[in-house]
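Student: Reminder that position 67 of the sequence shown reads as 67 in UniProt numbering, one-by-one numbering, no gaps.
Everything labelled a hint here was simulated from the structure, so no lab data went into it.
There's no promise every hint is true.
Stated by the list, open to error - Quick list of in silico lysine-lysine cross-link-like pairs, DSS-like style, CA-CA up to 27 Å:
id : residue 1 : residue 2
1  : K7        : K81
2  : K21       : K64
3  : K77       : K21
Said to hold, decoys possible - Quick list of the computed label-pair ranges, beta carbon to beta carbon:
id : residue 1 : residue 2 : range
4  : P99       : E2        : 35 to 41 Å
5  : G111      : K25       : 17 to 23 Å
6  : T62       : I115      : 18 to 24 Å
7  : D44       : E18       : 37 to 43 Å
8  : H87       : T51       : 18 to 24 Å
9  : T51       : V78       : 14 to 20 Å
Here a beta-carbon is modelled for each residue, glycine too, at the ideal position from N, C-alpha and C.
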Amino acid sequence: MEHVVGKYQYITSENLDEFLKDINKSEFSGILKSALTVEVQVNDDQSFTVTITNPERSVTNTFKLGEVYDEWFPSQKVPFKSVATKHDLGFQSETSLSPDLKLIRIYEFTGTQLIAVSAVFNTEECNNSYLI
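Based on the sequences and whatever the hints tell you, model everything.
Tutor: In structure tokens form, the structure reads like this:
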């Protein structure tokens, strides 16, 4: 999965405000629309290291596909349990936000672009695009 390696700059979102409203997190709109970058590395042990940076904070998460890990978000002060699996041109990450709320994100890597599609049960999808 070497095609995922790179540093991606946020360029656009579709339905972000509606998505955040549906999960009662509208206050994160400004943070998520700011100068966000996502850097992805594949490590020697086949784990992934993903660093997400915005003007206020940077977080780094390292994980192996199929294994539960603590995932940090730039907008949160506590980690959430997540698991990532291979998905077509990238990977899918499932995060338990609460006992009855699960966030699913699909990360597709096209060579020059990272497209992140997020969904929560019973809500719209939110599409974020990043260019390398």
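Student: All the hints need checking, so say for each whether the structure fits it.
Tutor: Each hint tested on the structure:
no.: 1; hint: K7 - K81; result: holds (24 Å)
no.: 2; hint: K21 - K64; result: violated (31 Å)
no.: 3; hint: K77 - K21; result: holds (20 Å)
no.: 4; hint: P99 - E2: 35 to 41 Å; result: holds (37 Å)
no.: 5; hint: G111 - K25: 17 to 23 Å; result: violated (31 Å)
no.: 6; hint: T62 - I115: 18 to 24 Å; result: holds (22 Å)
no.: 7; hint: D44 - E18: 37 to 43 Å; result: holds (41 Å)
no.: 8; hint: H87 - T51: 18 to 24 Å; result: holds (20 Å)
no.: 9; hint: T51 - V78: 14 to 20 Å; result: holds (18 Å)
Hints 2, 5 from the earlier list are contradicted by this structure; the remaining hints agree with it.
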